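Number of protein chains: 2
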Amino acid sequence: MRREVLDSLIERALGGDKLAIGKLLTVLEQPTPEAGYVLSRLAPRAGRAHVIGVTGIPGAGKSTLISKLIAEFRRRGYRVAIAAIDPSSPLTSGALLGDRLRMQLHTTDPGVFIRSVPTRGLRGGLALASIAMIEAFDGLGFDKIIVETVGVGQAETDIMHVAHTIVVVTMPGAGDDVQALKAGVMEIGDIYVVNKADKPEASRTIEYVKFAIETGEVGSRRYGWEPPVIRTSATLGQGIEELADAIDRHYKFLSERGLLREKLTSRRKLMLRLMAGRLISSVLESIEVPEPRLDASIYDQAVELLARACRAATGRC
Amino acid sequence: MRREVLDSLIERALGGDKLAIGKLLTVLEQPTPEAGYVLSRLAPRAGRAHVIGVTGIPGAGKSTLISKLIAEFRRRGYRVAIAAIDPSSPLTSGALLGDRLRMQLHTTDPGVFIRSVPTRGLRGGLALASIAMIEAFDGLGFDKIIVETVGVGQAETDIMHVAHTIVVVTMPGAGDDVQALKAGVMEIGDIYVVNKADKPEASRTIEYVKFAIETGEVGSRRYGWEPPVIRTSATLGQGIEELADAIDRHYKFLSERGLLREKLTSRRKLMLRLMAGRLISSVLESIEVPEPRLDASIYDQAVELLARACRAATGRC
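Listed in order, the protein sequences are those of chains A and B. 1 is the number of the first residue of the first sequence in this note's numbering; add one for each residue after it. 1 is the number of the first residue of the second sequence in this note's numbering; add one for each residue after it.
The following block holds chain A by itself, in its conformation from the complex (with noise of 0.2 Å):
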């Protein structure tokens, strides 16, 4: 794609354009110059966004949570975007989204801007792809971008550890529900969620999970936060005002004490390390591979091959 092309979408994005903004996204999947050349464009304007990981037990009630959550966002008067890295969100469909919601998506408002990054066909690409859409939509102007991930798997994993807020979701379940927060990023939560609280074994759950922090078995008590657990039924619509109240909390709370730069820097970091692995990888699945040679070490052959691979990557070497 032409410098022009770009910079008329790059335009016609920040003011709002959501078909501009969808296309600059697609763009962003792949690690080419296009791509470095948006991301130059719109980094610069970012480093205003909070980011908000949200994850949970799967059947736990995430996707109508944040459905709600958008909602309350807005009526905060935040622009709101979504990175769903979950393929079977329903959130990309707008199927959870309450009317009025689901109109804004469909016009030029841009207050609210939903996207699903494909976890098929990215070849180890997801947390780039991913990572490079926050700082999109933080270039964008958005106040708050939700990240919504299953949380598991490597790519989830580095995804959640860009957010500055990790929310965990959970609901009253079979007893075992403390163990099943101890898996990967929900271990590190700074926010904890007991959704679908109208069952009656919610109480007792929240006494799980707020003794589990207590002892802690999980949640993040990074510069002496205290996980709070949000008691909240998204499909009733309560305890929604709460839950966003604990996230911009705690947003203030790392503002207040200077860390958010820290992410973004971090952030940033990543971004760079993982284009680069993209970039040798794609190199290294595509290069013609000569058959190695067996009177000598597959180790040397090995750096042989990422010798040529890096040259055809870098141009250099």
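No lab work stands behind these hints: they were computed from the structure. Note that the coordinates shown come from a computational prediction; the quantities given were computed from them, not determined experimentally. No incorrect hints appear here.
Identical copies go unnamed one by one, so any copy, or any two together, can satisfy a pair.
Within a straight-line C-alpha distance of at most 20 Å, the following computed SDA-like cross-link-like pairs (lysine to any residue) qualify:
| id | residue 1 | residue 2 |
| --- | --- | --- |
| 1 | 269 | 307 |
| 2 | 269 | 294 |
| 3 | 182 | 88 |
Once you have looked at the hints, place chain B on chain A.
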């Protein structure tokens, strides 16, 4: 580890010492000069083994089937090695093996060797570790190498593609069984097994699978092979001989057409590719990354970082 230590381990492993085999396999889990050395000692001896990938829908009884297959292969005089990529496989604990086989695992009988590939801690190196393990088993003189995978994920797909014969296990189910076989490598099975065939719906499932193969929906027909459907009941020990016959027949089919060599070459090329990839990715994970400049293309900076990482990984460029 010094050369002499590795040489001694290799000698003992070639003599059937299971402790030595285990230690060599641990060396091969990481892409190091030591691993390269071990491979260069074992690879010249390899190229004789029949690599069999076994995958299937969850709950189909894959592990029980494999345990019976091991016993049948032993009866036929084959030495059998199993690489379990499935972390939940009960095979690696020996739980499913018959008393005689379980005994052998703890003695110096070199006839059976079972090993799980750690799916954690390899950070993208799962396919490499698995293929290096296959190469080692081959070089150590195992006749049949069974690779057990859950069949989802990129690494698992890469691994299954190095198998000469892909066995897909399904079971009598609720009508949508053929649909379930259309995921990843299950779609390109060389042999289909309907396990738990003592269940009443078995005949219908067998017809479904046969029909799906005939209409080209599933099954690999490379070089004119007709994928058979084998009816087994692993727990009752039924159909195991027929399965072993079909596996041997497929190997003969490939051998008569001169296709074994081709598979071996592509396996080794993939190993080289994966090792080069791991070398660079481990450097990219550990290298000091500068904070990206926002006034320049992120792409150009990623190229710069890659060139630097490549110098660190190869000592060149």
